[in-house]
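Asker: With the hints as constraints, model all of the structure from the sequences given.
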Amino acid sequence: MLFEVTADQLDPDRVVEHVQRDEAGAVALFYGVVRDHNRDRKVLHLEYDAYPEMAAKVMQRIAEEVKERFNVVEIAIQHRTGRLEIGETSLLVAVSSVHRSEAFEACHALVDRFKEAVPIWKKEVFEGGEEWIEGDLSAPDA
Amino acid sequence: MGTAKVRLFARLADLAGTREAEVELGEGLTAAGVFDVLVGRHPSLSGFDAFVRFAVNSEYVPASHPVRDGDEVALIPPVSGGSRAL
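Chains as they are written, first to last, in my numbering: chain D, 94 to 235; chain A, 102 to 187.
I should point out that these hints are in silico values taken from the structure, not numbers from a laboratory.
Positions of the beta carbon are idealized from the N, C-alpha and C atoms, including for glycine.
Mixed in with the good hints, there may be bad ones.
[Claimed, not checked] Calculated cross-link-like contacts (lysine-lysine; reagent style DSS-like; alpha-carbon spacing at most 27 Å): (1) K135(D) with K106(A); (2) K135(D) with K150(D); (3) K216(D) with K135(D); (4) K216(D) with K106(A); (5) K208(D) with K135(D); (6) K216(D) with K150(D).
[To be verified] Here are some chain A residues pointing at chain D (derived, C-beta under 10 Å): (7) R108; (8) F110; (9) D115; (10) F152; (11) E173; (12) A175.
Answerer: This is how it looks when you write it as structure tokens:
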């Protein structure tokens, strides 16, 4: 398995090559991409912060969970940090399996779990301000 | 008693104006207690104790987790995707 948190551009060829096996007939690859709007705001760019050592551990744990739940052959995940412009890739999740349905389902589950648990945060810089995008715990007004 | 290293991220790092701190460990200091020490130094963090989660040495722990000499305590704001449940 491959888990990387990096300030460099992500490398889809690398994650796909990492999961390819002779016995795997399917590879699913998810791209998370920076979009130009959120909640009716025009987004200018995003800034990602991460706790890289812990992020790698949490990715490994959720990948092991998903591997156990679905019939997965191999998993690779990369997340980028720092400033990302509209259209750039922030997340790659690649999963290989013997047949296609497991690869699709496991990839979907991995992306969902990733967003709940992995210590990576994004700050949205929009027209007129900026804001850390946080989960459902209410924060005091800062 | 020793010391612990504290790491701050995202909004909490912005509010405190720092990404790292060192805390002297008093008797029975917990992860939540470490946060209280940081609030004393950076009042802008006050009120965030219900919002932060804790990790010690890169593992999520409850607020009551005891902190030991040499531990790395991370103050973890909610991650971007959503729920707190693991």
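Asker: Compare the structure with each hint and give your call.
Answerer: How the hints compare with the structure:
1. K135(D) with K106(A): 38 Å, violated
2. K135(D) with K150(D): Status violated; Cα separation ~34 Å.
3. K216(D) with K135(D): Distance of about 14 Å is within 27 Å: holds.
4. K216(D) with K106(A): 25 Å, holds
5. K208(D) with K135(D): 22 Å, holds
6. K216(D) with K150(D): The given pair, whose Cα atoms are some 23 Å apart, holds under the 27 Å limit.
7. R108: Since chain D brings a Cβ to about 7 Å from R108(A), closer than 10 Å, the hint holds.
8. F110: 5 Å, holds
9. D115: 8 Å, holds
10. F152: This interface hint holds because 5 Å falls under the 10 Å limit.
11. E173: OK, holds: E173(A) within 10 Å of chain D, min 9 Å.
12. A175: With a closest approach of 6 Å, the A175(A) hint holds.
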